[in-house]
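Number of protein chains: 2
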Amino acid sequence: MTRRNRSPLELFTAARDGDRAAVARLLSLVERGGDEAREIGRLGYPYTGGAYTIGLTGAPGSGKSTLTSATIGHLRGLELEVAVLAIDPSSPFTGGAILGDRVRMQDHATDPGVFIRSMATRGHLGGLSLATPEAVRLLDAIGRLWILVETVGVGQVEVEIAGKADTTVVVVNPGWGDSVQANKAGLMEIADVFVINKADRKGVDETRRDLEQMLDLSALDLGAWRPPIVPVVATEGTGVPTLWDTVVEHRAFIEASGELARRRAFRLRDELREIVAQRLERRARQITTGERWEALQEQVLARKLDPWGAADEMLRGIGG
Amino acid sequence: MTRRNRSPLELFTAARDGDRAAVARLLSLVERGGDEAREIGRLGYPYTGGAYTIGLTGAPGSGKSTLTSATIGHLRGLELEVAVLAIDPSSPFTGGAILGDRVRMQDHATDPGVFIRSMATRGHLGGLSLATPEAVRLLDAIGRLWILVETVGVGQVEVEIAGKADTTVVVVNPGWGDSVQANKAGLMEIADVFVINKADRKGVDETRRDLEQMLDLSALDLGAWRPPIVPVVATEGTGVPTLWDTVVEHRAFIEASGELARRRAFRLRDELREIVAQRLERRARQITTGERWEALQEQVLARKLDPWGAADEMLRGIGG
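As given, the protein sequences belong to chains A and B, one line each in that order.
Take the first sequence: its position 17, counting from 1, is numbered 17 in the numbering used here, and each next residue is one higher.
Take the second sequence: its position 114, counting from 1, is numbered 114 in the numbering used here, and each next residue is one higher.
Wrong hints could be hidden among the right ones.
[As the list claims (entries may be wrong)] 16 Å max Cα-Cα, derived EDC-like pairs, lysine to aspartate or glutamate:
{"no.": "1", "chain 1": "B", "residue 1": "304", "chain 2": "B", "residue 2": "294"}
{"no.": "2", "chain 1": "B", "residue 1": "184", "chain 2": "B", "residue 2": "200"}
{"no.": "3", "chain 1": "A", "residue 1": "184", "chain 2": "A", "residue 2": "200"}
{"no.": "4", "chain 1": "A", "residue 1": "184", "chain 2": "A", "residue 2": "212"}
{"no.": "5", "chain 1": "A", "residue 1": "304", "chain 2": "B", "residue 2": "39"}
{"no.": "6", "chain 1": "B", "residue 1": "304", "chain 2": "A", "residue 2": "39"}
To be clear, the hints were calculated from the coordinates, so they are not data collected in a lab.
Keep in mind that this is a model prediction, so the values were computed, not measured.
Can you build the whole structure from these sequences, using the hints too?
Shown next, in the form of structure tokens:
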């Protein structure tokens with residue numbers, strides 16, 4: 001391999017042939033956004049559609065990463081390959097917990113059947129909400145069949161990202177109530193499966209009752225699928241096979257019912273709408289800076305031009 | 001007068017000649033937004049700049065409308081003409097308090113030196129934040145020299161609108177603390193003058209101390225103008241002359257310091273930016289509906305076109 005920069009096409013071809021460095025490089029480009037990200041998206045898109053994505057979210061400290069790690073182990077035992085995107089909306093400086101979690105995942109770092117990647121926002125214009133589906137599609141396009149998307153935290157963005165998976169797993173702990181109080185409704189809405197992690201601690205039964213009650217009281221149409229609740233002790237791997245079976249069962253259910261196709265179509269439409277909105281926003285920022293903008297403002301201040309007239313002037317030619 | 005609809009130009013000319021029905025009709029058109037509102041804005045804009053606007057805001061029940069009414073009385077005693085815009089972001093169905101307040105103002109309804117108008121959002125695309133400055137400009141253009149903008153409630157929008165006046169009066173009551181807890185910082189930021197209304201009740205001294213302390217602790221640069229605190233009993237008119245003198249004093253201060261010109265320029269720039277942003281948003285909504293949008297979505301779902309490519313396609317020709 002030479003030291004010169006490989007083109008997106010060269011990287012993509014290499015990545016499809018199993019070159020892990022090429023995958024990492026492609027993901028960096030996708031994460032950064034911009035023209036190369038676009039080209040990668042264009043190259044990969046026709047090859048997508050084969051992967052199944054599993055979202056995993058829960059409050060900080062609920063043991064998501066340990067659970068992810070245990071799940072990877074289980075999948076490897078089944079001789080399945082897996083890619084993991086760990087979404088971290090904050091900087092790498094968020095501290096010990098996350099670094100520690102990542103270290104735990106390093107158990108799998110040398111396994112060629114496993115690909116793990118942390119993602120942060122960096123410069124991507126669309127933020128994580130646009131960068132994540134692009135990264136997932138890339139992993140899909142290079143032939144990964146199972147993709148775990150783990151989100152750190154339970155803020156609006158994290159819940160949204162996790163909720164855009166094919167199957168979404170929400171991780172809680174015994175006595176979870178207070179830690180996610182603010183976002184319980186959001187979590188209920190996206191959960192296809194609940195995991196009570198750290199189920200060797202007391203309070204599992206109460207937590208299960210709490211969840212069942214919230215499901216009963218929720219205004220959600222649970223339809224034929226009521227989110228199962230799976231107790232797990234991720235540190236020991238206990239319950240992980242059951243969790244996996246539940247995920248596979250959910251997949252079979254939404255595939256058979258047509259729900260999977262509906263979800264994916266809805267997600268794509270949503271993303272498309274967001275891309276258009278963000279491009280127009282960017283355009284608005286560009287319009288409202290610069291010399292021409294300043295000159296028009298001066299005219300408005302001098303009462304030679306009214307504000308709507310000035311806006312017309314700025315938007316002329318861009319159909320606004 | 002014939003029954004046919006008068007054109008904006010006819011209405012505007014009549015309004016400048018003192019035809020109150022024409023003013024009311026023009027304000028309705030402005031409130032509604034759309035092409036006629038634009039034309040009115042264009043017609044009036046060169047005539048603006050003579051009026052001075054006073055914003056008046058405070059929690060529901062603080063007695064804003066009674067204070068407005070008392071202020072009108074005081075101004076009429078000084079032989080000044082005045083226009084009042086009462087901004088009501090909710091529907092006319094908000095209930096008794098507001099209707100009652102409006103009724104109190106009817107004392108002045110037959111006085112040709114007073115013009116009172118309630119405004120709601122209705123269909124204006126830009127909402128009250130764009131409709132209000134347009135309405136103020138219209139009143140300015142037809143020669144009103146003093147314009148009171150009273151906002152009902154202390155939500156984000158109301159505070160913003162009141163804060164866009166030349167002088168902003170914030171009305172509190174003895175023991176006000178709890179009623180506006182959520183928005184104290186916002187109110188501190190916009191206040192040029194504080195009124196403690198219902199100052200015949202106990203707790204006036206504590207409220208004054210409370211306000212002074214908040215001013216001391218605030219991160220605001222109070223500069224050479226520290227918002228005076230004026231005790232008033234609006235129902236009896238007590239303190240209203242002092243309030244008016246304080247407003248006039250503030251006006252003289254910001255005129256002399258150049259702050260008035262800065263505020264107005266800032267407001268216009270802000271409004272212009274908002275108009276551009278809203279026009280682009282509207283364009284985004286137009287783009288993401290219709291046959292062409294549906295067709296592109298189908299292509300994306302069929303993986304014939306990637307999402308960014310589809311966005312390019314939609315935005316082609318509008319420079320997005």
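Status of the hints after comparison with the structure:
1. Note on residue 304 of chain B and residue 294 of chain B: the hinted pairing holds, with a Cα-Cα distance of about 14 Å set against a maximum of 16 Å.
2. This hinted pair does not check out: residue 184 of chain B and residue 200 of chain B have alpha carbons roughly 23 Å apart, beyond 16 Å.
3. The hinted pair formed by residue 184 of chain A and residue 200 of chain A fails the criterion: a straight-line CA distance of about 23 Å is larger than 16 Å.
4. Restraint check for residue 184 of chain A and residue 212 of chain A: the C-alpha separation of about 13 Å stays at or below 16 Å, so the hint holds.
5. For the given pair, residue 304 of chain A sits about 15 Å from residue 39 of chain B by alpha-carbon distance, which is consistent with the 16 Å threshold.
6. Restraint check: the Cα-Cα separation between residue 304 of chain B and residue 39 of chain A comes to about 15 Å, which is no more than 16 Å; the hinted pair holds.
Of the numbered hints listed earlier, those contradicted by the structure are 2, 3.
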